[in-house]
Amino acid sequence: GAVVSQHPSRVICKSGTSVKIECRSLDFQATTMFWYRQFPKQSLMLMATSNEGSKATYEQGVEKDKFLINHASLTLSTLTVTSAHPEDSSFYICSARDGATYTDTQYFGPGTRLTVL
Amino acid sequence: AQKITQTQPGMFVQEKEAVTLDCTYDTSDQSYGLFWYKQPSSGEMIFLIYQGSYDEQNATEGRYSLNFQKARKSANLVISASQLGDSAMYFCAMREGPSGNQFYFGTGTSLTVIP
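Going down the list, the sequences are from chains A and B.
Residue numbers for the first sequence follow the numbering used here, beginning at 1 and rising by one.
Residue numbers for the second sequence follow the numbering used here, beginning at 1001 and rising by one.
Treat the hints with care, as some may be off.
What the hints assert, rightly or not - Short derived list, chain B residues pointing at chain A, Cβ under 7 angstroms:
#1 G1033
#2 N1101
#3 G1108
Derived by calculation from the structure, the hints in this document are not laboratory data.
Idealized CB from N, CA, C, for every residue including glycine.
Make the full structure from the sequences, and use the hints.
Shown next, in the form of structure tokens:
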């Protein structure tokens, strides 16, 4: 099956610093990647849709200047949490859409657990 | 209205028994896709099974099958011969829209397999 990697898997940082999370589709090209945030015992909350070579589309209520998304290639999207604060602590998970298949399945990375001190 | 509804926050099943996880959906699109994902405690979302709105047969993948009832707008996941490793959160999801970018998740069902 399609494989999506995400790095780092866990990060602890000080308040005010920036953190970059990488999402890679390893064995397929993903014109579209998605970034989600998940709070404990809750469902996934879509933050933004990232299209290769164009600006990301952010969901309502998500600050685009705080959560910078770059989709520079067909296999890589990055999420940068700028000037992180404790309330940004969460589980961030990316997915990549395999548009080459008729199912348009989203395959997920293993997630990144961010803790801001 | 919720696009995806999972009414069972928690389910228990005896090892080796079958279990059905419920999912209903709401869409006016003719073309859509339904998915089930498993999320163990490690956090990774694992794709399990897909059902297309035009697929006439229920999807099956190993011990997973999807009971698709289009008129009732339900897409229940059936896990046969439950194993301890099946204990996890299960999310039902739907893709709709021509671009395939509109993806909706349910609130999830926590499944516990009892030895």
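A quick look at each hint next to the structure:
1. G1033: 6 angstroms, holds
2. N1101: The hint holds - N1101 of chain B has a Cβ within 7 angstroms of chain A, the shortest such distance being about 6 angstroms.
3. G1108: 6 angstroms, holds
The structure agrees with every numbered hint stated previously.
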